[in-house]
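J.: Protein chains in written order, with the numbering used here: chain G, 335 to 447; chain P, 491 to 606.
Calculated from the structure, these hints are not laboratory results. For every residue, glycine included, the Cβ atom is placed at its ideal position computed from N, Cα and C. Please note that a few of the clues may not be correct.
[To be verified] What follows is a set of in silico ranges between Cβ atoms, one per label pair, in the way DEER data are often shown: (1) G:G350 x P:V573: 26 to 32 Å; (2) P:S516 x G:N385: 14 to 20 Å; (3) P:A589 x G:W443: 28 to 34 Å; (4) G:E335 x P:A589: 32 to 38 Å; (5) G:P373 x P:A504: 22 to 28 Å; (6) G:P417 x P:D544: 45 to 51 Å; (7) G:T349 x P:A589: 29 to 35 Å; (8) G:E413 x P:S560: 46 to 52 Å; (9) P:G506 x G:Q337: 31 to 37 Å; (10) P:K559 x G:T420: 38 to 44 Å; (11) G:T445 x P:R532: 39 to 45 Å; (12) P:L572 x G:K399: 40 to 46 Å; (13) G:Q337 x P:E556: 47 to 53 Å; (14) G:T435 x P:I605: 29 to 35 Å.
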Amino acid sequence: EAQVTQNPRYLITVTGKKLTVTCSQNMNHEYMSWYRQDPGLGLRQIYYSMNVEVTDKGDVPEGYKVSRKEKRNFPLILESPSPNQTSLYFCASSRTGSGNTIYFGEGSWLTVV
Amino acid sequence: AQSVAQPEDQVNVAEGNPLTVKCTYSVSGNPYLFWYVQYPNRGLQFLLKYITGDNLVKGSYGFEAEFNKSQTSFHLKKPSALVSDSALYFCAVRATSGAGSYQLTFGKGTKLSVIP
Numbered sequence: 335e336a337q338v339t340q341n342p343r344y345l346i347t348v349t350g351k352k353l354t355v356t357c358s359q360n361m362n363h364e365y366m367s368w369y370r371q372d373p374g375l376g377l378r379q380i381y382y383s384m385n386v387e388v389t390d391k392g393d394v395p396e397g398y399k400v401s402r403k404e405k406r407n408f409p410l411i412l413e414s415p416s417p418n419q420t421s422l423y424f425c426a427s428s429r430t431g432s433g434n435t436i437y438f439g440e441g442s443w444l445t446v447v
Numbered sequence: 491a492q493s494v495a496q497p498e499d500q501v502n503v504a505e506g507n508p509l510t511v512k513c514t515y516s517v518s519g520n521p522y523l524f525w526y527v528q529y530p531n532r533g534l535q536f537l538l539k540y541i542t543g544d545n546l547v548k549g550s551y552g553f554e555a556e557f558n559k560s561q562t563s564f565h566l567k568k569p570s571a572l573v574s575d576s577a578l579y580f581c582a583v584r585a586t587s588g589a590g591s592y593q594l595t596f597g598k599g600t601k602l603s604v605i606p
């Protein structure tokens, strides 16, 4: 089954404790991206990657890091989480070409206390 | 910069009545337009997209959307609403070329409630 898989789905952590949200897709997609969803703000892009070793900032990259060492994986790293990073996070992927449909994971609820 | 406006935070419609969820966009050049739906505690599911060609696009679950270039709109419609259509709906735009083509820009979402 074609899918984008994120882990963990739910996490409560403390301020300053580094964490990684993993993302994996099995569709051999070149393009991958991370979004955060906040009430009243919709989804905002954090980072995206056009292919292995190619990443770039989206609209809200502050406080986040990403890496793309393998085509299927695109982890999101919070080096020192803060409460304003409490959000619902989505990983997404698609084939190259802006007309291609972007497929989303089920989301990761992150709470930073 | 590209943007999407969904002017209604919430739309209420009676079951069996037609529904419309509004969306307008701004983008440099030609757009690719998408609708996604989010059910409670779930991810985003793709409904339909406009790439080129016929302005009326048909998608999943009986939904359709009409691309109107002059009004820069892409409203989502369904002839007869079901209670199970109650969800959060997002419109999104992506440029066909340039920097905006790397990003899918979303509206803030419209909550659809279908009343039995």
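J.: Does each hint hold? Answer for all of them.
T.: Status of the hints after comparison with the structure:
Hint check: G350 (chain G) to V573 (chain P), Cβ distance near 45 Å, so the stated range 26 to 32 Å is violated. Look at S516 (chain P) against N385 (chain G): about 29 Å separates their beta carbons, and that is not inside 14 to 20 Å. A beta carbon spacing of about 31 Å between A589 (chain P) and W443 (chain G) agrees with the range 28 to 34 Å that was offered as a hint. Judged by the Cβ atoms, the range 32 to 38 Å given for E335 (chain G) and A589 (chain P) holds: they are separated by roughly 33 Å.
As the Cβ distance of P373 (chain G) to A504 (chain P) is approximately 26 Å, the hint placing it in 22 to 28 Å holds. The given range of 45 to 51 Å is respected by P417 (chain G) and D544 (chain P), whose C-beta atoms sit roughly 47 Å from each other. Between T349 (chain G) and A589 (chain P) the C-beta distance comes to about 34 Å, which sits within the given range of 29 to 35 Å. With their beta carbons about 47 Å apart, E413 (chain G) and S560 (chain P) fall inside the hinted range of 46 to 52 Å.
Against the hinted window of 31 to 37 Å, the Cβ-Cβ separation of G506 (chain P) and Q337 (chain G) comes to about 34 Å, which satisfies the hint. The hinted window of 38 to 44 Å between K559 (chain P) and T420 (chain G) holds, with their beta carbons roughly 40 Å apart. Checked against the hint of 39 to 45 Å, the pair T445 (chain G) and R532 (chain P) fails, with Cβ atoms roughly 19 Å apart. Between L572 (chain P) and K399 (chain G) the CB atoms are about 43 Å apart, so this pair conforms to the stated range of 40 to 46 Å.
Our hint of 47 to 53 Å for Q337 (chain G) and E556 (chain P) is violated, since their Cβ atoms are close to 31 Å apart. Under the hint 29 to 35 Å, the C-beta atoms of T435 (chain G) and I605 (chain P), about 31 Å apart, fit the expected range.
The structure fails to meet hints 1, 2, 11 and 13 from the earlier list, while all remaining hints are met.
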